[in-house]
Each structure stands twice: as C-alpha cells, then as structure tokens.
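Chains as they are written, first to last, in this note's numbering: chain R, 1379 to 1775; chain X, 190 to 517; chain L, 967 to 1049.
I should point out that these hints are in silico values taken from the structure, not numbers from a laboratory. Check the hints yourself; a few may be wrong.
[Unchecked claim] Only some residues are given here: those of chain L computed to face chain R with a beta carbon under 7 Å: (1) Met1013; (2) Asp1017; (3) Gly1021.
Remember, predicted model here, so these are calculated numbers, not experimental data. In this text, a Cβ means the ideal position worked out from N, Cα and C, and glycines have one as well.
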Amino acid sequence: MGVFRMPSLGADMEAGKLVEWLKRAGDAIAAGDVIAVVETQKGAIEVEAFESGIVESHLVAVGQTVPVGTPLAMIRGEGTAAAPAAGPAAVPVPQIAPSPAAPPLSGAPQPPAFRASPAARRFAAEHAIELTGMRGSGPDGAIVFVDVEQALQGRRDAAPAAPPRPPPTAAGPPATGMAAMRQAIAAAMERSKREIPHYYVAHAADVTAAFDALAAFNATRAPRDRVLFGAALLGAVARALARFPEFNGFHRGGAFEPAPRIHVGMAIALRGGGLVAPAIHDADKLALPDLMRAMHDLADRVRAGRFRSSEIADPTITLTSLGERGVDAVLGVIYPPQVAIVGAGTPALRPWVVDGAVVARRLCRLTLAADHRVSDGHRGALFLAEVARLAENPELP
Amino acid sequence: MTGAPGTTYREAVRAAIREAMQRDDRVFLMGEDVGRYGGCYAVSKGLLDEFGPERIRDTPLSESGFVGAGIGAALGGMRPIVEVMTVNFSMLCLDQILNSAATIRHMSGGQFSVPLVIRMATGAGRQLAAQHSHSLENIYAHIPGIRVVAPATIADARGMLWTALQDPDPVVIFEHVMLYNAAGELDGEAGAVDIDRAAVRRPGRDVSLITYGGSLGKTLAAADELAGLGIEAEVIDLRTLRPLDDATIMASVRRTRRAVIVDEGWRTGSLAAEIGSRIVEQCFWSLDAPIERVCSAEVPIPYPRHLEEAALPQPAAIVAAARAATGR
Amino acid sequence: MTRDEITAVLFEEIGNVAPEVDLRSVPDGADLRDALDIDSIGFLNLMIALDARLGIAVPEADYPRLRTIRGAVEYLCGRGTAA
C-alpha cells in the first residue's frame, strides 16, 4: 500500500488546496497519471502519481487545504489484495502475489541517507524545508534544529516583504492568485540575488541560416505543424548541456548536484502578469518537431492554468526568451536551486561582418547567467558558444 | 538579618532538625550513633545535650528494627526522623520501607498514614569502599507510596526536612556524604522549601545537564568549563527524585534540544535511564542529539582514591558528554 | 463567406488568444502583436485557428500582411473570397 501525499511543488510551498480528484476510489492508475489538481501560489497544478496501482481511498476532500506531505490518498499496489475488511471473518489467505518483498510504503520515499535529528525533521516538515543535501552541524554531521532554522532564515531573508503566513495547519487557504505568484517570484528572485554569485556572458548567434531552414520547413506545412525558432533554441540549450553538465542541476546544501536528466524550464509569461517556468522533460532527447509540440502544448496548458506537478518541480535549467518584444538581450536571474539561465533576445536583421564585408544578417543575442560557485566564465563562454552553434544549425527532418 | 557566612551543609541539616524539634514535640531523632557519638557524620552533634535521650535516641545496630520502630511511632502519631548511616545499610530495612511504610496507606484503605522521615547518607568520595559508598536512590525512587528527595544545596538541606515532616506519607532524604563539609551562604531566615519542583541552577540554551545531589557541584563545574568552549549549559537540579518533576525537565530539554544526565548511580536501571526514557517519551520531536548519560562505572566502588575517582562521574566526563551532544 | 463573417471569426479567435483585450479599443492600424501582447506561440495559435475555421493556412511569408487588424481582414477576405 502506498501513500499519495501533497507534493512540494517548489521550496516555497507550505500547503496546497485540493481542488479536484481526477481518479476515484477503485480507479487503476499508472505512474505519471494525473490524479488530482492542487491549487498553489503558482496556480492550479495537475499532480501526478509516482506509482502504479489502484486508488484505494481518498483521504482529503476537495476544498481542503493541507500542509505539504499530508497523505491525500492510499494507493494499493498492483497485485496486492484490497485491505481486508475488519472483523473475524477476514481469515488471512496465503498470498501468492508478491507483496512482502516491497517496502511497506512502496510509494513513500526511501529512508534518506543523511542524518537529521527529530527536532530538525519536525521543524523542516512544519516549514516544508528540504533536508536532502543540507549540511549538518550536529554530532557526526547530523542535521540539527539550527541548521534548518538557518535555512528557514535564509528563506525569510529572501522574502522580507512577505507578510507572515499562518502555520499550514491553521484554517484558511494559502494566498493564491496574482498576489501570491508575485510573492513567490519575489521570494525566489531575492534568494537568487542574495545567495547566487551570478556571472554573465553574451554571444551573438548568426541565425540567418536557421531562419531560412525553418522558413523552408514551414512553407509546406499547415500552421499546426510549423516549428518556431524558440523550439530550436530550446533544443540547442538541451543538447549543449549534454557536454556541459555543470550548468544542469542544483546547488543545494553547499554543493552542486548535477542532474542526471535534462529538463529545460521554459519561462512563460502569463497574460496579465507573472510568469512560470515549467519543464520540458528530457528536452535533449526530442526531435525538433516533437520538441515544438511539447513546447506548444505546455504553453497552452500554462495559459489555461493547468500544468503538472513534475513540470513545475523538475526544471534543471531555465531558458528565458524575450525574443517577442524587440529587446536585444535579456540578462536572466537564476531560479534557485538551479545554477544557470540562458536568455535570448529578438532575432533581428543587423549589420554584420561576413568574409570582410558588412552584410545584413539575422542575429540573436544569447546570454548566460550562471552560478559562479559551480562554474567559471571560461566554461560558461564555451557552453554558450555551443548553444549558439546548435541554434544556428537546427536539425530539421 | 544578614546571612551567616560559612554555614556548612552539616550545620544546615542540624539546624533543620533543631528547628523541627523545637516547633513540634512529636518530632524525635533516632539511629545508630546519633546521640552520644553525635552522628556518624556529626550531623546531630550537640543535640543529645540540647534535647535529651528521649528525643535523641541511639539504636542498636539493626536497621530493620529501628526503621520498623519508626514506622510504628509514625502510625502512633509521632513524627520520627530516622537516620540510616548509609544507603548500603538500608538494604537491611528495605523490607520495612517497601513492604510496610510504603504500603500501609494503600492496604488500610487510607485509614492509616506513615508520616515518617528517613535520612540516609549516600554516595562515594570518602574512601569508604564497596559497602559504604553506593548511590541507590534509584531503588527508592522506584517505590510508589513514598517520596524521595535529594537536597544538593545548603538551602535545601536546611529547608527540605520541615516540609518532609509535614508530608503524611514516608519521605526519604538522601544526603550525599561529600556535601556535609560544603559551605555556603545561608540566609538567616532560611526555612522550609518545597519538595515538589526541580530547580534550574544555571540557565543555558545549548544543552540541559540534569543531575541531583552530590553531582550538582561537579555538573556546575562542568558547565563553567563548557562556557569557556562557547557552550551554554543549563543545569537542572532534580531535588525530588520521586515524583520526578517532568515539567521542569521537559521544558528545559525542549529549549535546548539536548540532554546529558549526570547520575552517580550505576548506569543500568538507573534514575538516569528513567529520565532518559521520559525525555524520549515526551520530547522526542524536540531532540537534536542522542541523550547522553554520565554515571558511575558498573563496579563496586573501589577503595583506592584514584580508582574511586575514576569510577565516579567527574566534570571532564560531563564536559565530554555535553560536547558529544552538541557536536562541538 | 462574407467579409463580416470573416471579420467576426478573426475577432473571435483573437479573443481566444488575448481574452482580456477589448478589440474595439484597438485601432485598425495598430500592430497586433504589440497592441495585444501576443507572442509567437499565441500568434501561431491564431494561425492554426484561422486554418481550422476558414480553411486559410497563412504561409509564414505572408505573416507581415497580418500585422494589423485592417491588414488581416483585407488579407483573409482576399484569400477567403478567392477560395
């Protein structure tokens, strides 16, 4: 039997409101299926199951606001019997299906490899602070209360203007809507600028040929099958990361953790203000038309206010493209705990020197803001040059 | 009235006995050598002359006999103070205490009470070897029906006796042998004190050092040394060993999130074990480190001074335990 | 399909991309992307919708002709009546 819990959809999330059950008791689910919709500061998020099985029961009713980690539903693993009814009639029958081999809570996280005191664990749980990767100052390096307190202090310092929030168990939903999103962005960006020593490099990519290739590709295709330059850019970032892993991952607890997969967060401005940067999963593995479809689908869902828990929690790097609004370049602010953000300005015709002559070329000014604790400008420059090279030469079928 | 400088623990206990004898003529003192000899630790020196042999009574060397006589006197309306020379010898009268004194209220359906006070010397440090040096407070703290107190300061030595005599049930007072010569300021108006609550002898935020009786001084010395290392230790003097003042202990541990228990008893089955269990039961989610215990080595207390010292909790071990708990 | 019908479809689909904008307040000659804050994906969605509703697949090469509401109406009517 697994427990499906209110997920943490970002370090600043303390509680979420269950707004919809998409799977009922008795429904079969597969890992990755969307089973509920949760309202957070970032909007309504579709929450996915981590395991396959059958929904045994709902533990939280629609409309309830509960702290991160609260069990929302019980998931019965495939091949296991339903929980026996209470009473003497329920004589245990020898089990043929394999079940005891699995840990009792197959969906629950494995016991963590770090040490943390009971005081630290409880305090962290109360404030939705991630203990993984935190450096401990207690006996044998154990994470103790003050370590969590300092982490929390860091978070509070990052959002000094934020009014004190009631504890998650108190009545009343968390603030939602634009004010809450503004608050979440403020907290993340202030933390970023306070904690992350950014460095910046810029590179002008000559994307004339890329635009020509895309125009030729799109000329014969219906609008729905056309590929935008933005997809080529996203693909270029993803593919370049394969050779520059120090820009893909997280800085947590004083150390860099490279991410094993490449999930590029795409900054999407919301109409009416605010933005989110959900992930395109395994962006390096997708062919350009598939990447375009994924991007298009994600943008539509974000603007409809529906995206998935894994998309919001997973990005390993962010791409922000202000290429629509005519700016030359954008210098990004890293979204912690990520370690890099790539920016792209408007691809526009500019005078450019080619073979000793000044000619009109379509240029896209790329920038990289990266975490100097993790990487240096030299590697950053090489990474950005590789992004530019790939963006200049999109692989179209 | 100003304080009497240089009052010893021994003098404070004697003053308490004297006051009790003066205030209540039902009070009398009996035990081995308490009269003519003035008490094995000279606590009752001079009292025979002052109060006479009716009220300061030397007894035969029979703990079972004279503690039993004390129970009978208490049942008969007196307020006896019975002195047992050392807790080791009290094993001979444990039957009287456990099977009679502690049970009579219960077995008589509340008809009879035993307002008896038993004073015992306890602890090591005077090279009295393996039959006169143990700390068996935990055995008494185990018994429902009695109250057990351990005055660790001059003021408590002066003030606990009278309060104990007012208790309608038996009270055992443990006086650590190393405290008798300890001197300190005692307010001339010092009198009865409560025997319900533990006391915070030194406030601190980093670790709770929980102790009682003869270990309080060592623990305070350790706290001084810890302060030099930047560790602010809070020192709790239990004062009453049964019933334990959980509220004070837990409030401290919840604040400091770490506990070191200093107990001169043997570790196994000790009061330290009991307190540790209670902390885990009541404060588990407030803890930042495993609970540390500093207890006596599990050997009969040795005679040679260096071995005796090595067997007992010492400030260095307390400091080490506090550092382990704080990870510093 | 009449000019009015084509205009109605165009307005409706622009409304789907930029729901909070009052199109009557947008001058005929204003740049659609700027006035309505439509990005490339929003514009692509508009093109997909016009393809589905009107059967007019606007080639990228013709995008500049749909910069303004006036231009878009002219272009679509030209294509729509030709079709």
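Should the interface hint for L:Asp1017 be scored as holding, given a Cβ-Cβ cut-off of 7 Å against chain R? OK, holds: L:Asp1017 within 7 Å of chain R, min 5 Å.
Hint validation: L:Met1013 versus chain R, beta carbon distance must be below 7 Å. Holds or violated? Result: holds, 4 Å to nearest chain R Cβ.
Under 7 Å, Cβ to Cβ, is where L:Gly1021 needs to be relative to chain R, so tell me if that hint holds or is violated. Given a least distance of 11 Å, the restraint on L:Gly1021 is violated.
The structure does not agree with numbered hint 3 stated previously, though it agrees with all others.
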